[in-house]
Amino acid sequence: MTYAHAAVTALADAMRADPAVVAMGEDVGRGGIFGQYRGLQQEFGPMRVIDTPISESTIMGAAVGMALAGLKPVVEMRVADFALCAMDELVNQAAKARYMFGGQGRVPLVARLPIGIWTASAAQHSQSLEAWFAHIPGLVVVTPATAADNYALLRASIDSGDPVVYMEHKELWGSEGEVAPSARAELGKAKVVRAGTDLTLVTWSRAVHASIAAADAAAKHGVSVEVIDLRTIWPWDRDAVFASAAKTRRLLVVHEAIQAAGFGAEIAASVAESLAVPVARLGGPRIPVGYAPTLEAEARIDAARILARVLEMLDGSGRKQSVA
Amino acid sequence: MALIRAFENAAEAASKGGVAAFGAALGGAALVRGPLHLSTGQEAVPAGVCANLERADLLTSTHRGHGHTLAKGADATRMMCELFGRATGYNHGKGGSMHIADFSVGMLGANGVVAAGIPIAAGAAHAIRIRGGREIVACFFGDGAINRGPFLEGLNWARIYDLPVLFVCEDNRYSATTATEAMTGGEGAAARAASIGIPATTVDGNDVVAVAEAAQDLVAAVRAGKGPRLLHAITYRVKGHVSVDPASYRDATEVARAIEQDPLLIAAAKLAAMGVPEKEIASADAAAAATIAAAVSAANAAPFPETALAYTDIQDTGAGRWL
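Protein chains in written order, with our numbering: chain A, 1 to 324; chain B, 1001 to 1323.
A portion of the hints provided could be inaccurate.
Said to hold, decoys possible - With beta-carbon atoms standing in for the labels, derived distance ranges:
#, chain 1, residue 1, chain 2, residue 2, range
1, B, P1303, A, G70, 31 to 39 Å
2, A, A276, B, M1183, 54 to 62 Å
3, B, A1294, A, M47, 44 to 52 Å
4, A, D51, B, G1034, 36 to 44 Å
5, A, G39, B, P1199, 36 to 44 Å
6, A, D51, B, R1131, 18 to 26 Å
7, B, R1131, A, A246, 47 to 55 Å
8, B, T1178, A, G70, 35 to 43 Å
To be verified - Quick list of in silico lysine to any residue cross-link-like pairs, SDA-like style, CA-CA up to 20 Å:
#, chain 1, residue 1, chain 2, residue 2
9, A, K191, B, G1318
10, A, K170, A, G290
11, A, K189, B, G1320
Hints were generated in silico from the structure; no laboratory data involved.
These figures come from a predicted structure and were not determined experimentally.
Virtual Cβ for every residue (Gly too), placed ideally from N, Cα, C.
So here's chain B without its partners, still in its complex pose (with noise of 0.2 Å):
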């Protein structure tokens, strides 16, 4: 969690000017270019959730996707890389922020696309179906996923065919810059869910003790065979849609009052709770704020992608045929 804080502030710091929305003008100097979607105050979820999950264990996620794939096992300075747009990021700078990936942790992308992680779940955990294996497929997604229609055919297809698939949604309240409820009939994630007879779970997303106890029965549920599962974590996005986004259609209130709840102060206070000592939470936070300081050195060193990349990995019939 820590790490995904770290990595989240020292993204955003490198953001500035990095896209002309909401308002915000272009700057030339911008380390990390483009809309970037930050977790921030959501770190828990992932937490939560990846740790009762294996290296084989496959991962799809959203446009809002680092701390999934920190969770999941991905290197940091690989990931920064990628955000910095340099060829030795994971995707060689073809994808940035919103399509992050690790596969060789299984995390099978981030998506620009809002519920498209879905059917992408559903089928990756049908291929374990089809081969017998014995690994699951943890799916998240946001609170805004559950309006479009693949939610409703990706959750139908998971429970039809029994698939080894965990549905997280990871709900931070906002669709954009949308209060999620205003766009939302009945009650939400879990009773859709529940309605298409899988069991659900609905659960304090910034709790991340509360987290990883509730996705370890879900994930021990799914690995058994039983089929999929929902786990719905309840959260807050703290910042706005995008990094330059000031979300000030939002009541100050009610983002006090949420930062109030930060995840890693519920959980530093568990774990002062449970005897350890403040020394080694302050060690764990300065661990992490190293390697990030060292990710964002490593990606300032790193070069951009040769143009020669713009032509590969794209197919091999008709490669070369570019007109």
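Bound conformation, chain A alone (with noise of 0.2 Å):
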């Protein structure tokens, strides 16, 4: 199954099982433009699954007075990009409105903001933008990196009652996985995806399958990579990653968002704050994406770009650093 039919059979299992649940976004009704909403309009009408004005404000905000009100809005803001039309709704809105109001509502809404470059989508397509998220109290942030996950996560999400920012990856919908039927991720768990014992790799999303490639070719130098896909940014799998840290001894953080702030240096701090170990961090440049092939290739994060920082933090031949 595709990373997109995986959420597509997610939302349509969680409708199915609750009527509390709607969807709503520009072109849902049609399949969405990355086919993740592909049928669900034939099956649940257009009551539940509603095709909405390009009003990314009114999509959010109307989700949060569904919510107030007992529903369980999923809304699509097609890419993670155009949600900044929204913030207002999702940061001052649907993250504040139970603490300020002393708990007399509750909003149980995920909102899906797909994030990561999308060949030749430039820059106002292209953002991963998940540590601006994690940033805010009230909200909870997820990044699936497989189909399975997809599923499993987006049932956890619209199952935890809170307001979850969701966030798949643009080139990652055609990726196939097995997906077990009405599995459940739990959120804030971390998974170790490949095991290793000289240097831990934290990632998430698209950049976890890019780990894994330059794990592999670590290998071909010596160096054993454990490779630990985080899956949920907040709260993020502190335990998981320390535990991994203290063993191997060093970490280095990936991601395909811009390193400057990203949420890389949050994690490379706590762990730098309690183990004495060498932390590294991997991001993009903080450079808009480009259009052209060779401006959109410098903000990739590859596999070979990986590689290097990890050799990096052993010395080039393989040998391991002495850390004292």
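Since each chain sits alone in its own frame, please combine them into the complex, following the hints.
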């Protein structure tokens, strides 16, 4: 099953299980531009799979109103960049309502904000903004990397009762994987996707796949890399990251998002505060994503870059540097 | 209306020194701290509209929301406790004046962001529609809100899905310290609503009978499933933007003229003309004053929230993880 189909399946299962779940956004009635709503309006009708105008503020704001009135809306922003038109509704309303009204209301809302470079889509359709939302109390931030997780994490997000910023990656829609029916993943639990002993590589979303490829290449240099798919950015799995870093004595955080003030900085700083181990980050340069292939490539974090950073943390030949 | 006026007067008195703005300094003794937006002089709008609502109907409000909250049936003491930041307030001291809410009477919250209640109201009405309920949503906003995008988006949304919303533009003529007229193109709220296909009525917002009668027709249409309606109620903000704002940017004769049109005086005159004895009107005022005096005493005596409350009702997922 593809990553996109896994999301459709998760949403359909959630809508069958709970009549309070509704989906809405631009073009969802025709399946969504990535196929991530395919067939849902046919099954559930236009009252529950709602085609909306291009009104991001009101898609998000109406979802807050629906949630306060007892529904569980799943809203589509098409790309995370467009959700910037709905920032008040997400940050000031959805994330704050429960707290500032003293718990009188809750906002069970899943906002789908696909992230990531999407080939040749340039600066306004390519951003990875997960760190912005990790900064906001009240929000959960989820970044599935596989088809299985796109099912299990979407179900868990809808079940959570919290406002969730659900960030699929636009270049993973067609990726294939086994999906367990009705599975749920626990939000806030990372997964070790490749065991290793010399270095802990923490990553998420599409960079998981490049990181696994880099770890395979590193093995040829005699370096054993443990790759952790964080899966949830907030709350992030400190226990899993700390346990692995304590074992390998080295931490590298890799993400497609811009490195400066990226979420990797938070993880690296947290580990450095607690464990006396070297920490490093690898994220995108602080440049907008350019259109031309040569420019776009500069913004990408590929396996070669990750491998180079891994080997930099050890010595170039793969022999482990002594850790004082 | 008398209760709203008494509430606003008491809150205003308790807010002296509550915020450093408009040249006023912060004073340690203020009981109502932070920006306090008073609806003094605008009482006929919430009173007239909410007289036509049922308890199960929903309401969204603005940063100037005490009147809407009281008119929907909230308890003045729990509201005053919230303004005083006490644990016994509706929001346990987490919201204050700008976020006053009483979900038990359908009041889904005042809002610190202009126009933010409009999409929320549309969504709440959408939920009613999906569930097949007969409730409606009253969505109050000010004249400044019609210059924000969510006004256009939210009205369009309500129209295309035929949602049960009564939009109420409570036009007090000022956007903070700026006269709204100078900042608004075209003919204003009603004309903009009409351009989206939402029938609108304009009314003297200081005449509670006129507001109530206009709202009655509009509420009936909304409840009958005819889709959204808009009421443009023209009133006047007697006080400044916040309680410490002397509003010296306004022409004194404009203010004096507005005070002559005090909605409480207009209502009293109408009651007198209907043969209601003056004594009865005075006793209503006295009852309101007593209720508010008791609310202030209770708020004064109530405890502040324990600091542990700073960490509750944020999110379930990851609760306990604050770093």
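Each hint tested on the structure:
no. : hint                         : result
1   : B/P1303 - A/G70: 31 to 39 Å  : 32 Å, holds
2   : A/A276 - B/M1183: 54 to 62 Å : 59 Å, holds
3   : B/A1294 - A/M47: 44 to 52 Å  : 47 Å, holds
4   : A/D51 - B/G1034: 36 to 44 Å  : 42 Å, holds
5   : A/G39 - B/P1199: 36 to 44 Å  : 38 Å, holds
6   : A/D51 - B/R1131: 18 to 26 Å  : 19 Å, holds
7   : B/R1131 - A/A246: 47 to 55 Å : 51 Å, holds
8   : B/T1178 - A/G70: 35 to 43 Å  : 38 Å, holds
9   : A/K191 - B/G1318             : 17 Å, holds
10  : A/K170 - A/G290              : 17 Å, holds
11  : A/K189 - B/G1320             : 15 Å, holds
In this structure, every one of the numbered hints holds.
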